[in-house]
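Trainee: When you get a sec, could you build the whole thing from the sequences and use the hints?
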Amino acid sequence: MAASVLRTQLSGVLRRPGRLLMTGLSVLVAAFVVFGTVLAYVIVTRTTLDTFSETPAAVDVVAYTTGGNPLDPGQVAAIRDTAGVTALTGRVTASFTVGSPSSGSDLELLADPGSGPLSRLTLVSGAYPRAAREIAVDRRAAGRLGVTTGSTLRLSTGDRARKPATVTVTGVVDGPQDAAERAWAPDRVVAGLTGEPGFPRVDVLVQPGTDVPALIRGLSELLLRDPAAYVSITTGEAMRVREARDAVRQYDQLFALVAMFVAIAVVAAALVATSTFRIVFAQRLRQLALLRAIGAQRSQLVIALSVEGAVTGLVTGALGVVLAQVAGSAAPALAAMSGHTLSGPGPQAGAAIAVVIGAGLLTAGAVLAPAVTAAGVSPLLALRSAGSLAADRGITGPRLAGGLLLAAASAGLAWLTVRSMGSSEALLYLVGVGAFGFGALIALGPVLIRPILAVAGWPLRRFGPAGRLAVSGIGGTPRRAAAVSVVVALGVTMLAGTVVGISSLQLWTDRTMAARTPADLALFADGEVGEVVTRLRADARFRDVTPFRMADFSAPGGGFSHGAIAVDLTAMPELRTLEASAGRVEALRPGTVVLSSTAAGDLDARVGDVVTLRSAGEVRAEVVAVLTGDGPLRTGAVLAPADLDRLGDVSAGVLADIAAGSRDEALAAFRSAGGPAGADVAVLADERDKADGEVSSLFAAAVGLLGLTVLIAAVGVGTTTGLSALERTREFGLARALGLTRARLRLMVGLEAGLYGLIGAVLGIGLGVPMAWLALESLRLDLPLTLPAGRLAAIVLLTAAITVASGLLPARRAARVSPVAALATD
Numbered sequence: 001m002a003a004s005v006l007r008t009q010l011s012g013v014l015r016r017p018g019r020l021l022m023t024g025l026s027v028l029v030a031a032f033v034v035f036g037t038v039l040a041y042v043i044v045t046r047t048t049l050d051t052f053s054e055t056p057a058a059v060d061v062v063a064y065t066t067g068g069n070p071l072d073p074g075q076v077a078a079i080r081d082t083a084g085v086t087a088l089t090g091r092v093t094a095s096f097t098v099g100s101p102s103s104g105s106d107l108e109l110l111a112d113p114g115s116g117p118l119s120r121l122t123l124v125s126g127a128y129p130r131a132a133r134e135i136a137v138d139r140r141a142a143g144r145l146g147v148t149t150g151s152t153l154r155l156s157t158g159d160r161a162r163k164p165a166t167v168t169v170t171g172v173v174d175g176p177q178d179a180a181e182r183a184w185a186p187d188r189v190v191a192g193l194t195g196e197p198g199f200p201r202v203d204v205l206v207q208p209g210t211d212v213p214a215l216i217r218g219l220s221e222l223l224l225r226d227p228a229a230y231v232s233i234t235t236g237e238a239m240r241v242r243e244a245r246d247a248v249r250q251y252d253q254l255f256a257l258v259a260m261f262v263a264i265a266v267v268a269a270a271l272v273a274t275s276t277f278r279i280v281f282a283q284r285l286r287q288l289a290l291l292r293a294i295g296a297q298r299s300q301l302v303i304a305l306s307v308e309g310a311v312t313g314l315v316t317g318a319l320g321v322v323l324a325q326v327a328g329s330a331a332p333a334l335a336a337m338s339g340h341t342l343s344g345p346g347p348q349a350g351a352a353i354a355v356v357i358g359a360g361l362l363t364a365g366a367v368l369a370p371a372v373t374a375a376g377v378s379p380l381l382a383l384r385s386a387g388s389l390a391a392d393r394g395i396t397g398p399r400l401a402g403g404l405l406l407a408a409a410s411a412g413l414a415w416l417t418v419r420s421m422g423s424s425e426a427l428l429y430l431v432g433v434g435a436f437g438f439g440a441l442i443a444l445g446p447v448l449i450r451p452i453l454a455v456a457g458w459p460l461r462r463f464g465p466a467g468r469l470a471v472s473g474i475g476g477t478p479r480r481a482a483a484v485s486v487v488v489a490l491g492v493t494m495l496a497g498t499v500v501g502i503s504s505l506q507l508w509t510d511r512t513m514a515a516r517t518p519a520d521l522a523l524f525a526d527g528e529v530g531e532v533v534t535r536l537r538a539d540a541r542f543r544d545v546t547p548f549r550m551a552d553f554s555a556p557g558g559g560f561s562h563g564a565i566a567v568d569l570t571a572m573p574e575l576r577t578l579e580a581s582a583g584r585v586e587a588l589r590p591g592t593v594v595l596s597s598t599a600a601g602d603l604d605a606r607v608g609d610v611v612t613l614r615s616a617g618e619v620r621a622e623v624v625a626v627l628t629g630d631g632p633l634r635t636g637a638v639l640a641p642a643d644l645d646r647l648g649d650v651s652a653g654v655l656a657d658i659a660a661g662s663r664d665e666a667l668a669a670f671r672s673a674g675g676p677a678g679a680d681v682a683v684l685a686d687e688r689d690k691a692d693g694e695v696s697s698l699f700a701a702a703v704g705l706l707g708l709t710v711l712i713a714a715v716g717v718g719t720t721t722g723l724s725a726l727e728r729t730r731e732f733g734l735a736r737a738l739g740l741t742r743a744r745l746r747l748m749v750g751l752e753a754g755l756y757g758l759i760g761a762v763l764g765i766g767l768g769v770p771m772a773w774l775a776l777e778s779l780r781l782d783l784p785l786t787l788p789a790g791r792l793a794a795i796v797l798l799t800a801a802i803t804v805a806s807g808l809l810p811a812r813r814a815a816r817v818s819p820v821a822a823l824a825t826d
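So that you can map any letter, position 794 of the sequence shown is 794 in this note's numbering, and since no number is skipped, the others follow by simple counting.
One or more of the hints may lead you astray.
[Said to hold, decoys possible] Derived CB-CB ranges, DEER-like:
hint	residue 1	residue 2	range
1	Thr534	Arg133	31 to 37 Å
2	Gly344	Leu405	21 to 27 Å
3	Leu798	Arg419	35 to 41 Å
4	Lys690	Gly527	48 to 54 Å
5	Pro213	Ser561	22 to 28 Å
6	Ala582	Arg462	32 to 38 Å
7	Ala582	Gly790	29 to 35 Å
8	Tyr230	Thr534	57 to 63 Å
9	Gly126	Ser561	36 to 42 Å
For the record, the hints were derived by calculation from the structure and aren't laboratory data. Even glycine gets a Cβ: it sits at the ideal position worked out from N, Cα and C.
Mentor: In structure tokens, the structure reads:
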């Protein structure tokens, strides 16, 4: 009998492949996402291994230090004199500041021979440096620093014991890119500028036909005679692979984060599959009842339905894997069309088999609860109506009690989270809050959707009969609506929490950068800048041109040093946004001071205290405000001009925003405005744009990853709407017979799908926003709590729109059925 029951269920699946695909659509999408992520990692890894290496292809041997001192000149000379070595070059990177250490632009200086097989550079203009204190810059550095061949730069470091060095730019080159401005020079020139004669690494070129392993053994014996030496020697090929793998390692953390979101998407797929099978089995209650009537046991039906679910998972999982493999194989060709190079993933048989098996197990687990419920219905009850199970309006007492218990547990953990803010237990409690809260949402969903539906249904009823029927269709099956909406809520909860967190980060970044970079451009000089201000204010390319004065100060006891600035805090938009954690910035006047949060801590000062600031002179001032972060241009204090002058050793400068033209054009005009000899210009907008770009990239990546869950939820809404349309064929036929047009019927089904998304979005935001606030507070991230109402409203509308779109196809199918055929359906 068990075999007969199993054959009956499987034959039904084979007779209706379209329903199998619809039932397992969420599993198909999940399999595509999981295997697609695996292929994406393989593509990124192989592309990096194939194309990325800091070591030129011609390098045969690399000697490098793994700790302690660099290779000294004697060791470098010993390598050069070794038989078989034809050329070598030292590799070292030094960091400098162009201009003053406190206000100049950062510049990385790297060693490179400039030509030959050991070079990584291409000369663009001028000549490559050969003499001491000569450098070449890349194109980015040339544009940002405003230098050309023949220009001079003053390079300084944070070490006050070392004097700044003036270097001449002899050429412009193209080389390996980085976010920072880069300059290049031969190894001996870099060594002269850094004062360090040795190199942490030496690249070696050997004669053709040389026994490289024997050469490495000889160099090891030569260089490792000193037990204190920390030198490693390897082949150039091994070093290239190591560098590439180090580059790939940075993607490991990214893909670990992606894997977390993929796991959440898989959970969403399982919830969708459970809901879908519950509807499918409800539609087949008559068949199940007949099987029970002819002797099938409940356990046999559970096994047969579970096997059916596993087969559905295996088939749709395999299809998802095949589609992902096709997409991954097409990626290199698509990238080539846009001018990029990607390596193909190749067949990943092991991962593919694992994903297919996982899809089968996932679906078997998802079908278990609906199978037990469907198999347990008595034949007489099941024979009454195919939809009686799905139309159950209430929730059982145990489910209500369990939901309330989960809600209470979530609230209790939230209280513990608040009590343990900043401790290691806070994160654990926070995870529990989310888990129990979502569990309560699942259990109490049929009850929670009623008030939401009452509010959302009011405007929808204005659509006439279609709107009223859509609202009643959702309200008539609250369990089904809750099951589908909760999946949407899962994605929206994470999306809303992420939006709140990143919006808080954005606000904090904006406040921080407003203080650190209050203008697009800045000029720093040791002399007067009055004429520069006049010329810039007459130039239509600039606006809000504001002079400032700066000095350094410390406390009478010493131990730290900060910058002080005198500037009109109302002159520029960014300066007007400075916020105080205590006191009022507007209260600044002669005899008072506004301190940064760091300087206030170093001085142990609060609002109302009188502090002493000492430099060449001394100033006593009352603290009228403490800022939430740094002062303008990273200073520690804002003073009135007369008080700043009393400190002594005052420098001057100009701030300006760009009003018209490109940034490079404005930068050239800003430099040509003149100024005292040795004046430095900084592009503060670059730093601000970099910070904004990092936050924007984080936001885009998070939304993209969380979109996977919303996508699967939308698939679930479409599947549920399609199955519901099949289940309600007679209802739709009756509505058509009573005068409901096809367009109105399509509208009704589309509105029902949209209501699933709307209810889920409201539930998700209701859970996600408090969770985000609790996370920000409990983890003590010192980010301002925000409520990005616009973005949250966009999430609600977009989710509703996506779910409406997912219901378009089922709506069209429902509208095609003629009233006569629909009413004839049993």
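Trainee: Each hint should be assessed against the structure and marked as holding or not.
Mentor: Hint-by-hint comparison with the structure:
For Thr534 paired with Arg133, a C-beta distance near 36 Å keeps the hint of 31 to 37 Å intact. Separated by about 53 Å at the C-beta atoms, Gly344 and Leu405 break the suggested range of 21 to 27 Å. About 37 Å separates the C-beta atoms of Leu798 and Arg419, a value consistent with the hinted range of 35 to 41 Å. In this structure the supplied range 48 to 54 Å is violated for Lys690 paired with Gly527, their Cβ-Cβ distance being about 31 Å.
At roughly 55 Å, the beta carbons of Pro213 and Ser561 sit outside the given window of 22 to 28 Å. Checked against the given bound of 32 to 38 Å, the beta carbons of Ala582 and Arg462, roughly 52 Å apart, lie outside it. Judged by the Cβ atoms, the range 29 to 35 Å given for Ala582 and Gly790 holds: they are separated by roughly 30 Å. Take Tyr230 and Thr534: their Cβ atoms lie about 59 Å apart, and the range 57 to 63 Å holds.
For the pair Gly126 and Ser561, the beta carbons lie near 39 Å from each other, so the given range of 36 to 42 Å is met.
Violated hints, in rising order: 2, 4, 5 and 6; the structure is consistent with all others.
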